[in-house]
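**Student:** Full structure from sequences and hints, please.
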Amino acid sequence: MVLTDNNNFIFRLKGVLEFSCELDSSNEAHGQSSISKAFQVLRSRISSESLVFMVCNSPILLWPNKAFHSTLESVSEETPCRDVQQHIELEDGPNRKASKRRDKKDASPIVVNLKLLMEVTESGNAGALSLCRVTKKQRCVMMPLCMDCVINAGGHDTLGSVCSGLVEALHAELSDMEQTVLKYRKDKTLPVPQPFHFQLPASDRLVTVIYPAGELHSKHDLLSERPYFRRANTFHFPGEPYKDGYLRNPHTHLTAPSMEDAKLYVVRGVYSYHHYMQDRVDDNGWGCAYRSLQTICSWFQQQGYTERTVPTHKQIQQALVDVGDKEPSFVGSRQWIGSIEVQAVLNQLLGVNSKILFVSRGSELASKGRELANHFQTEGTPIMIGGGVLAHTILGVAWSETSGQIRFLILDPHYTGGEDLQTITDKGWCGWKGPEFWDQNAYYNLCLPQTPKII
37 MVLTDNNNFI FRLKGVLEFS CELDSSNEAH GQSSISKAFQ VLRSRISSES LVFMVCNSPI
97 LLWPNKAFHS TLESVSEETP CRDVQQHIEL EDGPNRKASK RRDKKDASPI VVNLKLLMEV
157 TESGNAGALS LCRVTKKQRC VMMPLCMDCV INAGGHDTLG SVCSGLVEAL HAELSDMEQT
217 VLKYRKDKTL PVPQPFHFQL PASDRLVTVI YPAGELHSKH DLLSERPYFR RANTFHFPGE
277 PYKDGYLRNP HTHLTAPSME DAKLYVVRGV YSYHHYMQDR VDDNGWGCAY RSLQTICSWF
337 QQQGYTERTV PTHKQIQQAL VDVGDKEPSF VGSRQWIGSI EVQAVLNQLL GVNSKILFVS
397 RGSELASKGR ELANHFQTEG TPIMIGGGVL AHTILGVAWS ETSGQIRFLI LDPHYTGGED
457 LQTITDKGWC GWKGPEFWDQ NAYYNLCLPQ TPKII
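Residue numbers for the sequence shown follow this note's numbering, so the first one is 37 and each next one is one higher.
Accuracy of the hints is not assured; some may be wrong.
To be verified - As a list, the in silico DSS-like pairs of lysine-lysine whose alpha-carbon atoms are at most 25 Å apart: (1) K73 with K222; (2) K299 with K469; (3) K102 with K50; (4) K469 with K391; (5) K73 with K219; (6) K463 with K489; (7) K404 with K350; (8) K299 with K151; (9) K279 with K50; (10) K489 with K391; (11) K404 with K469.
Worth flagging that the hints you see were computed from the coordinates, not collected in a lab.
**Tutor:** In structure tokens, the structure reads:
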């Protein structure tokens, strides 16, 4: 792991506990009791001295319930959790200890992964076994419980307090799983409870939810019109790769512009960066608006508003044919689209309405700070802007209400390289641009997608 001055840590503990119980289909009360007793057995194991935490990619084993025993003499209950980093090996090579510092711009938390183990002990001198025969019919139910607990910690918090917090989190997760199994069980089947982590608005703490789940918005005092707890919204832990290969939120690695009295108004949530030449499609010179639309669609998908995958160029073209905007020959062509077509496709494929903002000259965009700031405050969606022969995605603005100064956070779909974050941010493919970025004499149309209000 890379040494860092960052004091924001996430300790994540994962492992499997085997759940088993006997169910009497003819006795509901007995079934409920058997399930609860099986969970109590697991809670007893979590409280026992045989519980072990293994810090991944390190020689550290911890026994949190055995007077905090550790395999390393230098690691004790009072060790600051940030000191654990020096014992974690880099993943790209054996026996290489961390020596570099992370990019100072990277404010994401440091994730320390741990594995849940149980110490196996041999039985001592036990008495003779006795057997009894039960003649009534019972069903034995066995299933693995995938435990996944997280706690936030500061760099100076002790390892002892972190481990105590993880033990408490295990107990809480087992209790939530028990309630889920009891609530959603059917006659002959039990649901398999699964933990998911979410980061709620205006919070740096993670909330763990067991699925299947009931009503969560009222429990956490959240608006019912936004999909906070859909699986697409689960927290993505720093360092974990995305399976689809697209970069997420490259703008978070930028330094905010220095402007007097200016406030930042930026996109809310997660999006994927779509640009020229991805997906084995050569759209260099004609596909910029398609790529901007794909970025917008990815936002709605990753915020849980839709389960539909990001549309391909042909699917976009077919949607425009389906709504009567284009002739069938349009599908498979290399014809451009603009903001009006983007609006139509969002409505056709996702059921999303959009507002269109018309600007007769590029020089007028500098005066649209209030409208853009309001959009990012209320809707938080990426904006597609088209003018002349170019299309871009606006991810935010830095705007001063007193002076009117403004800078635009631009995601440029004209990039043709690989998914290299440093190149994209250093070369300005994602960056803050001044009003001179726009063609001062060209007219522009902006498509401002609106978030659905009923979830």
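**Student:** All the hints need checking, so say for each whether the structure fits it.
**Tutor:** Going through the hints against the structure:
A C-alpha spacing of about 18 Å is found between K73 and K222, which places the hinted pair at or below 25 Å, so the restraint holds. This hinted pair checks out: K299 and K469 have alpha carbons roughly 15 Å apart, not beyond 25 Å. At roughly 20 Å between alpha-carbon atoms, K102 and K50 fall within 25 Å of each other, so this suggested pair holds. For the hint pairing K469 with K391, the CA-to-CA distance comes to about 23 Å; that is within 25 Å, so the pair holds.
The hinted pair formed by K73 and K219 meets the criterion: a straight-line CA distance of about 16 Å does not exceed 25 Å. Taking the CA atoms of K463 and K489, the gap is about 38 Å. The hint is violated against a cut of 25 Å. Restraint check for K404 and K350: not satisfied, since their Cα atoms lie roughly 33 Å apart, outside the 25 Å limit. Under the criterion of a C-alpha separation no larger than 25 Å, the hint pairing K299 with K151 is inconsistent with the structure, at around 42 Å.
A distance of roughly 20 Å separates the Cα atoms of K279 and K50; the hinted pair therefore holds under the 25 Å criterion. With a C-alpha separation of about 15 Å, the suggested pairing of K489 with K391 holds against the 25 Å cut-off. Taking the CA atoms of K404 and K469, the gap is near 14 Å; set against the 25 Å cutoff, the hint holds.
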